[in-house]
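Protein sequences appear in the order of chains A, B, C and D. If you number the first sequence the way the numbering used here does, the last residue is 458 and the count never jumps. If you number the second sequence the way the numbering used here does, the last residue is 356 and the count never jumps. If you number the third sequence the way the numbering used here does, the last residue is 498 and the count never jumps. If you number the fourth sequence the way the numbering used here does, the last residue is 595 and the count never jumps.
No false leads were slipped in.
In silico BS3-like links for lysine-lysine, alpha-carbon gap of 27 Å or less:
| no. | chain 1 | residue 1 | chain 2 | residue 2 |
| --- | --- | --- | --- | --- |
| 1 | A | K261 | B | K285 |
| 2 | C | K188 | C | K419 |
| 3 | C | K419 | C | K226 |
| 4 | B | K275 | A | K201 |
Treat the hints as calculated values from the structure; they're not laboratory data.
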Amino acid sequence: MSPLLIVVLRVLAAIGLMLANGVVLIYMLRKVLGHLHVRLGPMHMGPKGVLQTTMDVLKLLTKEDVTPTNVDKVLFFIAPALVFVPALMAYAAIPFSETWRITDLDTGLLYSFAALSVIPIGLLMAGWASANKWSLLGGMRAAGQQIAYEVPLLLSVLPVVMVVGSLNMSDIVAAQSGLWFVIPQLPAFVIFAIAGLVELNQTPFDMSEAESELVAGFASEYSAMKFGLLFLSEFSNSFIMSAIGVTVFFGGWMIPFVPAEVMQPVAPVIFMTKVYIGIFFMMWIRGTFPRVRIDQLMQLGWKWLIPASLAWIMITGLVIKVWQLGPGAS
Amino acid sequence: MAIDRFTGEHSVAFIRSEQLFDYARSKSLWYMAFGIACCAIEGLMHASGPRFDFDRMGVFFRASPRQADVMIVAGTVNKKMAETVKLLYDQMPEPKWVVAMGACASTGGPFREYPNVVLGVDQVVPVDVYIPGCPPRPESVQYGFICLQDKITKRTEERLAARRDRS
Amino acid sequence: MSDPRDDVISVGALAAEGTHSAGDPPAGIRRVPSGVDGLTTEHLIINMGPQHPSTHGVLRLLIEVDGEEVLAAETSLGYLHRGIEKLAESRKYHQLGTLMDRGDYVSGMHGEQAAALATEKLLEVTVPDKARYIRTLVAELTRLASHLVWYGTFGLDTGAMGQFLYAVRDREVLLDILEEISGQRMMFNYIRPGGVVADLPVGIEKKILDFLTDFDVHLEEHHALLGGNEIFQMRVKGIGTISREMALAFALSGANLRATGVGFDVRRDRPYDAYPDLDFDVPVGSTGDAWDRYMVRMEEMRQSVRMVRQCIEGMPEGDFTAKVPKVIRPAEGEVYASVESSRGETGVHLVSDGSPEPYRYHYRGPSLFACQVLEEILPGHLLADVVMMIGSLDIMLGEADR
Amino acid sequence: MLPDATAVSHILTAAGVSNAVVATETLGVVCRLEAASVLRALEALRDGELDFRVLLDFLGADTGEEIEVTYHLRSLTRDEELFIKATVAYDGELRSVWNIYASALMPERETAELLGLSLVGHPNPKRLLTTDGVEPLLRKSVPIRTVEEVRNR
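Pulled out of the complex, with its shape left as it was, chain A reads as follows:
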């Protein structure tokens, strides 16, 4: 096969994975929320309602695509793509197993975060272009909170990188063959989890599309498949964030005390299971927690999370230096 064909196939695989994931996750969300709320969730389409999301997608595809009069047309059209494409790009560096991955980047972790950090621009664009005050407020909030929380998010994975000495995701997974980083790096994980939820616009930090305050936030004016793309990329993002969390803190495709040869055939399954457990926790939080206020969120970020992550980096550095751990040690 020509290298070009392989690249195309890989991109297609990423798109396929993303769409399939989105459909499954939306179904999962409705079911999980349903059962949390003493309901059943979708039941009528297919066994246990598994085809419900398919029907929703088909419907969204054939819905009229409204472009309101006063919108900034160019930005209004670009915005969903600008949200969707980085969500797709971030799939590239995620290692599903030692061999199952789209590309093996030496700076994989940095690349994933870089891809995710483009999304706020898309959200701000969507909010601005909609010519709707609620959308504008939603877009502003999205940009504000996501840019503020990128700092603690990156700082929280830095201690792990210091211990491993590499930004390559596979190396990080390999370094956890004995012990998952979540145990020695628990403070870093807590910061990562909070900042990750903010980055994802998930409850309790879903200020940008707070339904009870801002109607539907930046997505208020989007209909049909443009809204579908915004909706889908939200779920894709939670998959990526959960995948990064699993890779960095929960040993990726590995299970402790099980030899690598045994795990090799089922590694992607283990990885996906871990990711889905992570997503389940996000949905659990979504179904129960109230939302914090935007000023409280900002105070949490600037006053607590950034100093805490800096302090933790220092402690990790000291420990590495004193006990001669990490890549420098032989």
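Fit chains B, C and D to the supplied structure of chain A, relying on the hints for placement.
Just chains B, C and D now, with coordinates in the frame of chain A:
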């Protein structure tokens, strides 16, 4: 969306997809959360609550009219509100449906004699399903939605029959 | 760093500089922010409602915001104005309950009770003991149902979803009980002048007691789920503070008034029906913020449970209605009767001219007065707090617009 | 519950409100005044020893000849209630009492709108409940819809 163009009235090749899309539309009715009065408690809160669970049928609420398929007019529409109802209806993308829930939205109900009340929301927007009751029980609302689903899936059959008559 | 909100600049000075072109400030504006270092910033006027997920019906607010901070707000009512007062002038006295049900539609029994009490005052009828107890029983059950709606939607306003559906689950059982008693889930039309329309069905006492046994546990669960959540506490503590003077000036009533520390409860201070015989506490708050209103309402639910138990235990034997003529023709006169509904003092002002229809029928909806105070307390808060305050005041537009 | 009628008239006389009639009716203690002296009377009652701090309700009624407005006052410290009544001509002016009792803001707008009075001295004398062009619906001369009208909708 552009696909609609290929599923228009005169494209025989896509009759099947047309049926499929109508089926999908009928199974995924997102309603706009627009409770006006008493009916909102029964039709929007209790119908989506644990016992009746609208989500089973693929019916759930969107706050923005741009993403909604159905508008449940749940309550008395008066002259001041009528403009808003019309505006919201215009903001919804096609294909769209309106459910007039309860006596007030259908005919004016117990308040029909008051000159400020509009005698049924069908004087403002076209209504597809009327649900009687004051307020209707959540079961009635669900039955109303089943009727609406039937109506949507029947659209294709009617269109096909019309086409057969032509040829 | 000082809080920029503390900079008070008089409006006149700003208008002279040309950065703020408004004339006199609308009612409720207390300060105009200075802008950021002389930058010309624009204030957004946001239209909230009548279709908005958390305006509790069809309240419409026009909010002037600077960024996220609310500078001024104006409420616009009338989207549910359907002439209850006018239509009552062409209804018989028996039929007033039908209209009152649809006024405050979440706690219909209280409206009916107020209309019936006013009619009885005109007629000078003595209501049998059993009817008084049944009325009190259903009124307290309705209060529970209504407070559950408030609790659920208040949580939805903060963004929590779970507790809303748990509240609806409990409400379903309550509505079943009320349906068995009155025949309807929401629009009961059960309390009539002279008594109630029918006796309690056989075996309802056991159903109610079973429900209360469950509800004792569920109520503490509800409180732990929402009030025990630290995020929720962060959101509601200290926002929407209403001082005692403001509450009196705006004639607030019910839990909104009691949260400010004024312990006026119509059930205790203007007793009607079986309330003089019952033993209950009137919870009061201290600071009058949204958290106090939350706590007062939660405590009211506990008191309602107590009262329902006492009503069932003390239920006397006898008739469920007094002898009342088929067509009521009260003597000429004017009366005012009020009940403590879920939202506050629901009063009925009734003028009779001796004909079978009321001459003038006025209905005091406590939500109308709560809507007024909104304009006063919103400025200075963030946009996210607006929905919290609407939720905490427990506004029902059906009775504000009438 | 019922305030002392002589104390009320005493306060009103001290405030310079003449020809006020205080009587006990089925409604309670009712004080009938001229429309012009309502503001002065309310201010005196609020600040006087009877301490009527709360304007519980405000309503108007069409008596067939003129509009009768009722102010429902309540004193929480003394637990007493008082009704003040005044009359306004059909095309008359309703003087706002909002700077004495803030709770009158919206009820006054509503009454003025539904009974066709013009509101004076109010900070925001717009229509509250209906749109422009709706006639004063609470007047006895404005009929409700007939059965035929409803049927031929």
